[in-house]
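**Q** Each residue of the sequence shown is one higher than the one before, counting from 1 in the working numbering.
FYI, nobody ran anything at the bench for these hints, they're computed from the structure. The model shown is predicted, which means the values in this text are computed figures rather than measured ones. Take these hints with a grain of salt, some might be off.
[What the hints assert, rightly or not] In silico DSSO-like cross-links for lysine-lysine, where the CA-CA straight-line distance does not exceed 27 angstroms:
id	residue 1	residue 2
1	Lys32	Lys570
2	Lys509	Lys480
3	Lys692	Lys481
4	Lys715	Lys28
5	Lys570	Lys480
6	Lys692	Lys480
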Amino acid sequence: MAVVEAVAAEAAKLVSAELAGAVLRGGKRLVKLVRERAGGLPSREDLERLLVEHLRRDPSFAREIGVLVAETVEPRSTLGCAGPPEPFFDREEARVMAPASGVFVIAGRRGSGRRSLALKIAADRADQFSFGAIELDLDDWREGQTLAVSQAKHYLLAQIGIPAGDIATDSRALDQQFLSAMVTRRLLLVVHDARGVKEIEPFAAASVANLVLVTTSQLTDDLRMAYRHHVLLDRLEARGGWDMLASICGPSMLQTNPQATEELLELCDHLPQPITYVGVQLQRRRGQSGAVSELLDHLRAVGVGNAHEVVREALSETFRGLTRELTADCVLLARHPGPDFSVDSAQALLGRPALPVIDGLTDAGMVSSTGSGRWRLHHAVRTYAVGLAETIGVDFTSGFLRLLDHQRDRAVGADFADGADRLRRYPRPDVIRQVRADETISALDQERAGLLELVREASQQGFHTAVCQIGGALEVMVNKKGGYHWYCSLNEHVIASAEALLAEAGPDKPLALVARVHMMQARMFLLMHVFDRARAELDKAWPYVERSADEQLRSSFLEFAGRLSEEWTKASGSPDYREAIGYLSQAVDIDRSIQDGRAFGIHVRMLGNVLVEAGRAGEVRPMLERAMSFVTDGRNQARFHMVMARADIELRALASARAALDTARTILTAAGASQYNWELEEREAEHAVAAKRVADARARWAGLVQAAFNTGHPKAYRYLNELERVAGRGRR
């Protein structure tokens with residue numbers, strides 16, 4: 001969906017919701033503006049088409065509508081991205097070229113200061129946007145040469161404050177939610193290191209009323225044609241380069257060596273990065289007469305002839321100033337999986353306390369904090385350090401194994417701390433680390449990029465048991481924090497390791513492990529609504545389930561098969577739930593026969609929901625009441641009552657539905673389980689409609705519309721249809 005279409009869709013939704021009784025920020029002004037331009041208010045679909053025509057034809061109207069739509073959601077806090085280097089020199093013309101809104105492409109070779117310029121413009125303009133500024137480095141979201149767009153979108157949605165449980169799972173819904181969220185917020189987005197138009201397009205949705213700053217290494221013809229606002233950074237002006245160098249090493253040594261200074265700046269090609277590096281070298285020579293000339297002579301003597309070689313020689317000089325031990329530590333950290341590291345993960349990799357190492361590298365200007373207790377080696381430092389690995393003989397394998405064990409122990413510890421009775425089929429370590437589940441899961445959630453890279457490398461190096469342990473343990477994090485696209489990528493490596501263990505095994509083959517990892521991959525595809533791939537993964541899992549004689553695993557497989565059948569037939573438009581009911585009924589029978597109360601409670605509840613969908617609501621309450629004694633967990637009891645309420649509403653047994661809803665709300669409130677608020681409020685709205693409490697029904701559906709608008713979630717359309725139906729302004 002193009003940006004114009006996204007704005008038109010949001011505007012049409014907002015106008016329809018306002019007319020149906022929802023109270024939305026800026027809604028009345030939007031209705032007035034649209035009514036004046038459209039000459040009336042047609043149905044939502046016709047209004048959307050009409051708005052697209054007007055927005056394309058009239059840029060000023062598009063801007064006005066875009067700003068109104070972008071102000072719909074009020075920020076709870078102001079976002080912020082990294083600040084620019086201070087003091088900032090030159091590039092005044094480029095800073096002025098940036099438009100008030102739209103996409104501004106900043107191109108330049110490495111070392112040209114393109115990232116610094118983007119951050120400077122962001123700092124200059126952030127107060128014009130109520131949500132502030134936020135940045136995304138696309139290189140952090142690459143898997144080889146492939147950009148993980150869905151994962152990057154998920155990250156941005158989380159950064160702007162949308163809870164993980166409210167972020168859509170399937171790819172199409174996620175794309176729709178991202179568009180909606182971007183066009184309904186006033187923000188400035190900085191996107192680093194894009195490689196062409198195709199990588200910019202997914203993030204340009206914010207560009208009607210907002211500013212999107214993009215950095216790239218090449219200003220290609222397609223970029224020039226796609227985005228009329230762009231700049232190609234070249235050398236700093238002569239004075240700008242001199243001022244920048246003087247700010248680092250002091251002006252006096254430059255004033256006493258003006259000719260050598262000019263030649264040194266020319267050698268740096270007047271680019272910010274090499275100027276910064278030679279400035280640091282000169283700073284170390286402060287007070288020495290002829291320091292500039294001496295550095296220039298040294299660079300020429302070692303064969304430095306251009307800006308790239310200046311940077312490399314400066315890095316060589318910096319590393320020569322480190323102790324051998326600190327150099328080895330830097331080389332190890334350069335191989336740390338992912339774009340950054342925590343103190344704990346660095347300590348595991350190094351095998352000794354990490355804070356003194358980080359302090360030493362910070363003092364040398366080689367590492368910087370990214371916030372939230374994480375650190376990152378500068379790109380040029382990391383590249384140079386990796387090249388030193390063979391020269392200084394660093395034992396990376398031992399460090400990698402320490403890091404792998406550390407992350408495995410944390411993940412497994414969090415998994416078992418969260419609940420001992422979950423179905424697990426990964427190899428259990430001999431010792432389970434005692435951790436706080438919520439804290440550890442939240443910390444691991446911040447390390448997704450590093451965990452993905454760690455698992456990939458570990459699988460390639462043959463550490464298959466640890467890979468399967470990490471992958472299996474991280475199921476609990478995905479259940480709590482979402483991130484299905486990310487887990488799907490990680491689980492590809494887990495599948496490879498599980499199958500390698502199967503091939504290496506003797507008579508005691510890990511059939512259940514291989515089945516489980518394929519089942520989890522099927523579940524990820526199911527949640528993303530990629531049904532054919534989910535079916536293919538279940539087909540791969542079934543032979544191992546059949547051979548394993550593991551009844552718990554068989555029941556879990558039938559659950560996954562039932563859920564897939566339910567969702568697939570629902571999406572078909574002419575649902576037939578008989579297959580889904582059959583799978584779930586078999587799962588319930590197995591649970592009963594092996595006396596697995598936890599699984600029994602879950603599967604009976606799932607079966608009850610499908611029976612309601614199939615028009616068999618009368619069977620639900622008796623079945624759930626018989627099963628209730630097996631359910632001991634409060635949250636599952638609450639969900640039982642919500643399914644009962646749903647069935648009772650269908651049967652118009654409103655008194656018993658009311659009692660079930662009240663019980664569910666009491667349990668969930670006591671447990672602090674807010675993730676079920678959407679579902680509970682939907683049942684309340686349906687109960688109000690069935691009881692003909694029109695004002696209550698209208699208020700509840702309006703509240704759900706508002707909540708969905710605030711997160712950009714696609715279910716806003718369904719809620720809006722219900723609100724319009726109650727309000728008497730149904731879809732035409």
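**Q** Hints first: check each against the structure and report whether it holds.
**A** Cross-check of the supplied hints:
1. The straight-line distance between the Cα atoms of Lys32 and Lys570 is roughly 39 angstroms, outside the 27 angstroms bound, and the hint therefore fails.
2. About 31 angstroms separates the Cα atoms of Lys509 and Lys480, which puts this hinted pair outside 27 angstroms; it is violated.
3. A distance of roughly 38 angstroms separates the Cα atoms of Lys692 and Lys481; the hinted pair therefore is violated under the 27 angstroms criterion.
4. Straight-line distance between C-alpha atoms of Lys715 and Lys28 comes to about 23 angstroms, which keeps the hinted pair within the 27 angstroms bound.
5. Of the pairs offered as hints, the one joining Lys570 and Lys480 holds, with about 25 angstroms between alpha carbons and a cut-off of 27 angstroms not exceeded.
6. Taking the CA atoms of Lys692 and Lys480, the gap is about 37 angstroms. The hint is violated against a cut of 27 angstroms.
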